[in-house]
Amino acid sequence: EDQVTQSPEALRLQEGESSSLNCSYTVSGLRGLFWYRQDPGKGPEFLFTLYSAGEEKEKERLKATLTKKESFLHITAPKPEDSATYLCAVQAVVAGGSEKLVFGKGMKLTVNP
Amino acid sequence: DTGVSQNPRHKITKRGQNVTFRCDPISEHNRLYWYRQTLGQGPEFLTYFQNEAQLEKSRLLSDRFSAERPKGSFSTLEIQRTEQGDSAMYLCASSRQQISTGELFFGEGSRLTVL
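Protein chains in written order, with the working numbering: chain A, 117 to 229; chain B, 316 to 430.
Just chain A, same shape as in the assembly (with noise of 0.2 Å):
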């Protein structure tokens, strides 16, 4: 069965220091990888897709990279309005194809000012 991991679960950060999330995956074939960014009471927000071990994508302060294990969100020097949960999710190759997604229970980052 597919599974998503994310570690830690919850992480406090000064503003401006910088760290990295991590989620692990076990799925029989990747098709994608994504990062989604969800603040309380809302829908998540799509940020990134990564597709290929080696893969790096970037948006503002974050910075998804990709292995054929798993995948880490840096967030470089961080501001108070980047507190949220950031949630990880993969798309596995099936057969007759499948438009699901697997999601981590997500990783619950306060950044204090």
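I should point out that these hints are in silico values taken from the structure, not numbers from a laboratory.
Hints should not be assumed to be uniformly reliable.
Said to hold, decoys possible - Per the computed footprint, the stretches of chain A lying under chain B, defined by three or more beta-carbons under 8 Å from a beta-carbon of chain B, are:
id	region
1	151-165
2	201-209
3	214-224
Glycine included, C-beta positions come from ideal geometry on N, C-alpha and C.
Given chain A, work out where chain B should sit, using these hints.
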């Protein structure tokens, strides 16, 4: 772009009652998805429509759950004979492209509380 709209935003019901949620996707999006999210968990896939066709259903979608998208525009998710375990946030998402791009646009969700 008005975004994905979901109604009602909150629903409190008694066990055994039926509830229906509505989702209005972004107008040009032909793909529509339903997910369920409980506290402290990530979203779980329920079902997927392309236009009016329901092409994929999760095993989570028991026979008490039914989803429709009659004209390929808005969608409804009905839960019959609700149980306390159905309490969750029901998220709708839409997309113009295949999920492999990852760019789903989620609504703010409909929160269900079953007493």
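Hints, one by one, checked against the model:
For a cut-off of 8 Å, the count of residues in the region 151-165 of chain A with a CB near a CB of chain B stands at 8, and the three-residue condition holds. Coverage of the region 201-209 of chain A by chain B holds. Counting CB-CB distances below 8 Å, 3 residues qualify, and the rule asks for three or more. Coverage of the region 214-224 of chain A by chain B holds. Counting CB-CB distances below 8 Å, 9 residues qualify, and the rule asks for three or more.
Hint violations for this structure: none, all hints satisfied.
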